[in-house]
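Visitor: One letter stands for each residue in the lines below.
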Amino acid sequence: MTTTSYALQEIAERFGLTLQGGSSDVRVHGVATLAGAGTGHVAFLANPAYRKQLPDTHASAVVLHAADAVHCPVPCLISADPYASFAKIAALFEAPTGTEPGIHPSAVVSPSARVSEHACVGPLASIGARSVVEAGAIIGPACVVGEDCDIGADCVLAARVTLVTRVRLGQRVRIHSGAVIGADGFGLAMDAGRWLKVPQLGGVTIGNDCEIGANTCIDRGAIEDTVLEEDVRLDNQIQIGHNVVIGAHTAMAGCVAVAGSARIGRYCLIGGGAGIVGHIEICDRVTVTAMSLVTHSIHVPGVYSSGTPLQPNRDWRRNAARFKKLDKQLGALARKIGGRLPPSED
Amino acid sequence: MTTTSYALQEIAERFGLTLQGGSSDVRVHGVATLAGAGTGHVAFLANPAYRKQLPDTHASAVVLHAADAVHCPVPCLISADPYASFAKIAALFEAPTGTEPGIHPSAVVSPSARVSEHACVGPLASIGARSVVEAGAIIGPACVVGEDCDIGADCVLAARVTLVTRVRLGQRVRIHSGAVIGADGFGLAMDAGRWLKVPQLGGVTIGNDCEIGANTCIDRGAIEDTVLEEDVRLDNQIQIGHNVVIGAHTAMAGCVAVAGSARIGRYCLIGGGAGIVGHIEICDRVTVTAMSLVTHSIHVPGVYSSGTPLQPNRDWRRNAARFKKLDKQLGALARKIGGRLPPSED
Amino acid sequence: MTTTSYALQEIAERFGLTLQGGSSDVRVHGVATLAGAGTGHVAFLANPAYRKQLPDTHASAVVLHAADAVHCPVPCLISADPYASFAKIAALFEAPTGTEPGIHPSAVVSPSARVSEHACVGPLASIGARSVVEAGAIIGPACVVGEDCDIGADCVLAARVTLVTRVRLGQRVRIHSGAVIGADGFGLAMDAGRWLKVPQLGGVTIGNDCEIGANTCIDRGAIEDTVLEEDVRLDNQIQIGHNVVIGAHTAMAGCVAVAGSARIGRYCLIGGGAGIVGHIEICDRVTVTAMSLVTHSIHVPGVYSSGTPLQPNRDWRRNAARFKKLDKQLGALARKIGGRLPPSED
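Protein chains in written order, with numbering that gives the first Met the number 0: chain C, 0 to 345; chain E, 0 to 345; chain G, 0 to 345.
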């Protein structure tokens, strides 16, 4: 894909790493895993689970912690944070996207929309009334930008992204294919035995440097906006309900669901498949493990979990059957021995 | 967006509310939250969690229960159901969509399709062979309507909805962006060590006034149709398997998954992320709480749950470890004291 | 849809079934359920839950196990595997899709792409630079095929599928609407208080005969490819993280989430809504039940589960409250009786 190459010394200097054990003029032209690397590749070791692959690597250099250098058979690029350093090195070898400024002739742009001449609108995309696309933004093939949307400078919408209506993106926001931003929130009132739709009059505001995964949905607010502060990172298949507020630098793994009007702090990490009910608050720096359900506000930073551990089904069935009678059985045991148990309610 | 305004008295009369404490000629031009409202806004109080915001509101009027009126510093619109009343008031202020009847020149319509001259087909949409679009229906930008689909009067398909094949919508059905209705059900038979695809010959039938959320999927039936009765409301990212039947007025929050051939009653409420296994029946008026898994038929109306509560991870780990041995430990305790526990199986 | 008909004897011979109790010249023209069948229909009985419908069926023939034949009021087509036999019979009655080879005039094909003259590219689809579409492949309406993708012979992409970049499909791969294959993996490194995006330089390789459900996502690898071996079957709304490897013939039900770099064996069955954390290995022939979370590698084939059973909410709340104190309460009981419990850790 690319024939660009860099001397190890050049990489070390550019990213503040210490080159150890290597000739400064060794050149590399790509990145690879420890196990898959060959001559000309830079590999990295950050997750200890892969340490066993280090002695056999054929990489031309490995980015790693100083403590691992002794086990490395090839030149080392020593870093206090090998994963972050590797990310920067890998970016040197990314293939450029083949996009040019301009509006593809098959795209449909409303006469009242405003598209910068330095933006790119891909084939079969459409831009709705009164929407604005700033300079450097890339609107991928088959994207639909609805009415009254703002797309800030240098945003990248991959193929087939939908901004429904009243979606405002800051700068450098990146949205992946299939994402739907600004659909109606799920607002219903029961009225004489039938559902009545509650109009969704708000929008969505997304801060600078956010990234939103494939097929993720962020509904627009009922009255005020749904808000992502800057540098929020959402993986794929996530559902964000209306009027949710997500603090800066929070990251969520795939398939998380956040119900309406929840407020989530800054620097939170939400594990895959976790759920957060509506109208609660989570403070800064909370980690929720995978597939846990948050049903109450959290006011203390830390790691939180729910669920039970995986077991062979035969064992699990016996334990699950006990769970169904847990209150009665523990109570009976306690009465039997005339004892008192620690209170079961917090 | 709009400069329409209404006198409070006019709103009270139109929706059967009691105006209390306000001059009948005060006019309002929009809706807002209690905390965000200013002059000219109607706010509402339905969820008690927001009662603390009432004394400080700057709204021109608040829709609320009679019991809350005493704490309201501004005119009250008293309602037996403030949320439903608010929904009706908010609808007065919805911006009209900019759609006109007609087929956008960039749309692709099969010669054998029939589109009412009073329907709207948006840019870059396509309508397949033998499909019908009735009067008043709106097909948003980039929608794909496949073969043999019927779209009833006044349906609204937002941008980028897909009806795959043999999908029949009643009247006033509303489908949000990214939804896929009528894809193949997941039918597989293992045959000599390889999967054999089971043809999916049915369709999908959706009743009047249903609403289907963004990126939600409803598979078509293997033989007979998958069915949503009237006024079913599905949030985003939901998966409905083939041959499921969902009773009228049932609502499901985001990320619910329903496996094939399950039958769900009327007026059920299924919480976010809940799962329902295949080939079971759930009676009318069942509520399933968020992220619960329904593995057996339910014959008694009521509220059902599974899972464990969220805890700090350190506590959770200890309890989860006990769960893995629950049957053995409770059994050992019971034997020790020569006692008998209540049976652990239902 | 079709008027093709077949004699029962002809069906029996074609698929190796034993016709019992029927005149060999009875003809059938379609398939149906036991309850819905009428004259001219073949029905089937595989799941014992439907055995009660057998005595009242009006089908012209039923595919079933020999043991059920005695209760069948109509001719039997006896099979050792009625569901697989039914799948083959049903395929006789599938309506042909209305696709013809050629590129629809509204499609946008990059000059550097290569599309076989025996392939079909539907309306409003786009094919990116350097991508290849082999003979017999069908690219549905509004699909987006990005740069550097290979689509093997006889693949079928339903409407509105997205292959983002560097996606290589084998032969006869079938992908349903809304699926997104090859989006950026979720790679982030925290760097001085802000997220740093890790470039995603790999692709996705999908083997022959795989099927991928509607709105399912498969991210491309960070360095090496994400891989599905042959005959993998994924239902709708599934999330597959970057660098996952899924062994041949494994099937996953809807809404499963697999985190990055997990390796899953062959012939595994993953239940709906289950989660699999990253960087673990699951051996061949593992079944995970619905909504279970796999947090550690599995080295022994078998069935695995987590979670608790559904209960009426009132009972569940009492038991869940006990779970929160399980370690303390069981410990207190054990101390009280001077006993020792089986260890709670494995």
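Just so you know, not all the hints are guaranteed correct.
In this list, chains with the same sequence are indistinguishable; a pair is considered to hold if it fits within one copy or across any two.
Cross-link-like lysine-lysine pairs, in silico, PhoX-like; alpha carbons within 25 Å at most [claimed, not checked]: (1) Lys-323 <-> Lys-335; (2) Lys-51 <-> Lys-335; (3) Lys-87 <-> Lys-196; (4) Lys-87 <-> Lys-327; (5) Lys-87 <-> Lys-335; (6) Lys-51 <-> Lys-323; (7) Lys-327 <-> Lys-196.
I should point out that these hints are in silico values taken from the structure, not numbers from a laboratory.
Visitor: For each hint, tell me whether it holds in the structure or not.
Guide: Right, here's what the structure says about each hint:
1. Proximity of Lys-323 to Lys-335 under the C-alpha cut-off of 25 Å is found in both arrangements, the shortest distances being 20 Å within a copy and 22 Å between copies.
2. Taking identical chains as interchangeable, the C-alpha atoms of Lys-51 and Lys-335 are never at most 25 Å apart, the minima being 54 Å within one chain and 47 Å between chains.
3. Taking the shortest Cα distances, Lys-87 and Lys-196 sit within 25 Å of each other only across copies (9 Å), while inside one copy they are farther apart (48 Å).
4. Taking CA atoms no more than 25 Å apart as the test, Lys-87 paired with Lys-327 passes in neither setting, with 57 Å inside one copy and 48 Å between copies.
5. Proximity of Lys-87 and Lys-335 under a CA criterion of 25 Å is satisfied in neither setting, with 65 Å inside one chain copy and 59 Å between copies.
6. With identical chains, the CA atoms of Lys-51 and Lys-323 are never at most 25 Å apart, being 44 Å at best within one copy and 31 Å at best between copies.
7. In this assembly of identical chains, the alpha carbons of Lys-327 and Lys-196 never lie at most 25 Å apart, being 43 Å within a copy and 48 Å across copies at closest.
Of the numbered hints given earlier, the model fails hints 2, 4, 5, 6, 7; all others are met.
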